[in-house]
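Construct the entire structure; sequences and hints are all you get.
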Amino acid sequence: MVDAFHDAETVMAHLRVLRQELLTTSMEPASDQARSGLTAPQIGLIRSLVVEGSATVTELARRLSLSHSTTSGIVDRLQARGLVSREVDASDRRYTRVQVTAPVQNYTREISEGPYARLTCALAEASPAERKAVLDGLETLRALLAR
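Position 54, counted from 1, in the sequence shown is what this note's numbering calls 54; the numbers after and before it change by one each time, with no gaps.
Hints are computed from structural coordinates only; laboratory data are not their basis. Just so we're clear, the structure is a prediction, and the values are computed from it rather than from any experiment. In this text, a Cβ means the ideal position worked out from N, Cα and C, and glycines have one as well.
Label-pair ranges, simulated between beta-carbon atoms:
| hint | residue 1 | residue 2 | range |
| --- | --- | --- | --- |
| 1 | 129 | 73 | 39 to 47 Å |
| 2 | 134 | 73 | 35 to 43 Å |
| 3 | 101 | 41 | 15 to 23 Å |
Structure below.
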């Protein structure tokens with residue numbers, strides 16, 4: 001039990017230092033999400049568009065494992081808030097593509113230059129094995145805490 005307590009203190013110390021080093025601004029992404037009033041599926045859809053690029057509603061539904069009608073409703077609500085737009089596909093005018101708007105692109109750029117920048121750079125320089133070790137370790141810790 002003494003070893004486990006010591007290890008827990010060590011983990012907490014590492015987490016405190018990592019948090020302090022990574023959060024270069026006073027604004028944390030989690031609090032931004034909470035204040036945004038966006039639902040988890042809305043955030044997931046925006047994240048998908050930012051990471052994987054524009055898509056049709058059908059493609060988004062597949063990416064998110066949601067029904068077409070649910071995805072269409074999410075897009076409608078995000079479009080009403082000015083976070084995404086629908087544009088006619090240049091290569092096939094029968095389709096419309098959903099994409100994030102300039103304010104979302106700017107916010108994403110600010111985030112990538114802010115709290116996540118140092119972590120992103122460190123992970124970019126890590127080998128695939130090192131990145132896997134970090135992710136596996138964090139997943140293991142989460143699983144242990146969930147027991």
